[in-house]
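There are 2 protein chains.
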Amino acid sequence: MALFSTEEYLGRIDRTKERMAVAGIDVLIVADPANMNYLTGYDGWSFYVHQVVIVAMDAVEPVWVGRGMDANGARHTTFLKTDNIIGYPDHYVQSLERHPMDFVADIIQQRGWDKKRIGLEMDAYYFTARAHEALRKDLPNATFADANLLVSWVRCIKSDAEIEYMKQAGKIMEKVMQTAIDVVAPGVRECDAVAAICQAQIAGTSEYGGDYTAIVPMMPVGEKTSTPHLTWTDEPYPDEVAVNLELAACRHRYHSPLARTLYLGSNPPRKLTDTAEVVVEGLDAALNAIRSGVVCEEVELVWRKIIAKAGLEKESRIGYSMGLNYPPDWGEHTASLRPGDKTVLQPNMTFHMILGMWMDDWGFECSESFRVTENGCETFADFPRRLFVKS
Amino acid sequence: MALFSTEEYLGRIDRTKERMAVAGIDVLIVADPANMNYLTGYDGWSFYVHQVVIVAMDAVEPVWVGRGMDANGARHTTFLKTDNIIGYPDHYVQSLERHPMDFVADIIQQRGWDKKRIGLEMDAYYFTARAHEALRKDLPNATFADANLLVSWVRCIKSDAEIEYMKQAGKIMEKVMQTAIDVVAPGVRECDAVAAICQAQIAGTSEYGGDYTAIVPMMPVGEKTSTPHLTWTDEPYPDEVAVNLELAACRHRYHSPLARTLYLGSNPPRKLTDTAEVVVEGLDAALNAIRSGVVCEEVELVWRKIIAKAGLEKESRIGYSMGLNYPPDWGEHTASLRPGDKTVLQPNMTFHMILGMWMDDWGFECSESFRVTENGCETFADFPRRLFVKS
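Residue numbers (numbering that gives the first Met the number 0), protein chains in the order written: chain B, 0 to 390; chain H, 0 to 390.
Keep in mind that the hints were calculated from the coordinates and are not lab data. One or more hints might be untrue.
Since copy identity is lost for identical chains, a pair holds within one copy or between any two.
[What the hints assert, rightly or not] Computed list of lysine to any residue pairs in SDA-like fashion (alpha-carbon distance at most 25 Å, straight line): (1) K270 - E132; (2) K341 - S94; (3) K136 - I106; (4) K341 - V21; (5) K136 - D122; (6) K166 - P235; (7) K166 - T232; (8) K166 - E234; (9) K136 - R116; (10) K115 - D57; (11) K114 - D137.
Kindly produce the complete structure, drawing on both the sequences and the hints.
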């Protein structure tokens with residue numbers, strides 16, 4: 000059974016079709032797993048094979064096309080009629096002779112869409128160069144347009160039902176971060192700490208369970224805090240060292256990430272405590288600048304000015320739209336809080352604002368996930384914003 | 000510090016160059032994260048942005064090109080000289096004006112490779128249609144060849160050092176499967192069972208910790224066992240129901256998957272127990288057919304004949320090469336145990352043989368991960384092969 004009401008899915012499809020009309024697209028081939036889920040409810044770890052959802056202006060419902068063995072998964076999780084769930088035979092999987100997109104092209108032909116203008120998600124993770132070539136070759140009478148992020152932009156503003164799941168993820172997140180701060184300690188192996196954190200992520204609360212997160216815990220230690228995307232080892236934590244905790248919780252594929260830095264020991268270096276102070280000041284100020292009607296880059300400027308006073312600068316963006324997603328990223332790749340981004344904030348847009356300072360051989364991170372409201376913002380988790388020191 | 004010796008990496012690069020020479024490729028652009036790791040040691044959860052390793056016939060070392068903030072991660076995990084680690088500025092990330100592959104093309108030009116024949120991994124997960132278009136546009140004097148799976152085929156035969164990690168993953172796997180069979184019980188929420196399983200995956204053993212697996216636990220319940228790729232809910236397990244346990248353990252990105260089916264209750268349906276018996280018989284026989292020199296499709300035929308006697312058939316392949324990998328798949332997409340696959344088995348090839356029977360509204364799974372030896376095979380985990388029944 001699909002997670003949201005059929006009305007909600009049909010509303011999402013309508014908004015997608017409005018954007019298709021503006022872009023002059025008749026048929027949209029959606030390969031991004033989050034977009035497939037958003038439009039149909041489909042939820043399974045099957046994005047390691049090619050699969051798509053096809054939205055056509057002249058059809059009420061999208062069509063799900065995936066591997067035969069996953070068609071039952073689509074029956075269990077989508078709102079689609081059985082006619083609109085089509086599995087391809089297994090000899091299309093990782094074959095040198097045929098590509099699953101050949102099968103998708105056949106469906107497009109059968110439904111009379113092969114002379115239409117077809118939109119493709121050109122930079123979506125699982126839409127490979129060869130998938131693109133196969134469609135071009137198989138559909139010589141179609142014209143093609145880049146529809147990258149078209150659905151992702153529809154996803155930007157969440158419904159109240161979606162916000163509810165993000166709030167639940169925020170509640171789970173509080174338990175996850177507290178677990179991290181409790182278990183990370185000198186002498187404890189990194190893997191044992193991460194094991195406890197993952198346990199907390201998935202067990203969730205007594206009211207609702209957790210889902211897998213689109214990114215695993217990223218917890219670099221010591222010098223490795225100078226870079227954000229290292230995971231963990233089985234070494235024991237030393238004493239007098241900083242650990243970055245970039246974590247998330249997930250509820251029905253909706254995320255609420257949160258990052259903090261924990262210092263193990265009694266003598267955190269002055270540069271770390273000083274940086275933590277100004278970064279938290281900047282985070283508070285940037286969050287205070289959020290409200291409906293404000294432009295993304297204006298938020299970044301508030302942050303930039305505060306850290307400039309302390310002689311700091313940060314090249315990378317300070318936040319991004321996020322929510323429903325699958326590995327490898329909970330970010331939506333649409334609005335970013337960075338110079339040049341003119342996106343106007345609207346209620347129920349949801350962001351992860353992450354102030355990560357990655358220096359030569361050390362670093363500090365602090366973040367919040369929130370929704371935009373009419374007059375401000377509402378964070379999903381309630382957790383102190385500071386450098387944690389545990390001696 | 001890289002995980003393997005520099006000699007081992009250079010050997011892998013040599014074998015890659017041998018295949019490049021045969022294919023007439025001067026410069027290979029590697030975007031598959033497992034292939035990037037294999038050739039350089041690079042290990043970070045940064046594959047959600049575009050990144051590549053470039054192997055050129057006229058250069059000893061590959062070049063890593065990734066996001067600026069991940070360059071320190073490359074310094075920490077690869078054997079490469081600093082000159083061969085190049086970070087791109089953050090304004091290339093998810094930008095409408097420029098693509099990270101524009102930066103990659105600049106590097107190729109600077110190194111004098113822009114008139115060469117360039118190999119691309121056309122169907123690799125993170126090599127998108129737009130990445131391909133950007134390279135074609137930016138390098139008008141180059142010629143291009145499809146080098147999909149070129150490095151993956153080199154990865155097929157593992158070194159003894161790699162096998163050691165897969166054996167360690169197998170030891171972790173035994174604990175993980177036992178945990179699953181212990182915790183899954185009527186009345187227990189699915190999420191709480193999965194939480195315990197993930198805890199076991201990452202804590203590993205007292206000797207070595209676990210890594211994240213390329214696929215999360217897939218544990219469909221009841222009717223959902225008719226499809227393989229559903230994950231979990233927060234519903235409590237009912238009584239008299241089957242649960243598929245398709246799990247893995249991972250050590251330094253090397254996997255050892257294992258699947259079993261657990262029946263909760265005292266009255267497993269006859270069709271389930273009968274199917275379990277013949278599937279295990281088929282699995283045993285197919286494993287017995289493995290040895291150096293045998294062809295992949297011959298192994299499948301052994302299985303096919305046994306289940307045919309019981310009136311069963313299975314459309315999908317019964318196994319695939321696997322080992323080092325990242326989400327979304329631990330499979331290597333090279334050799335498969337299926338009709339038509341003429342790959343000759345060689346010592347230290349490693350497979351996951353999975354006999355999954357997904358019926359209309361029920362199913363059964365049993366699998367083994369193993370390495371090929373001169374005269375047979377060696378499974379990585381030691382776990383009874385049968386339907387587990389827990390009343």
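Which hint numbers doesn't this structure obey?
-> 1
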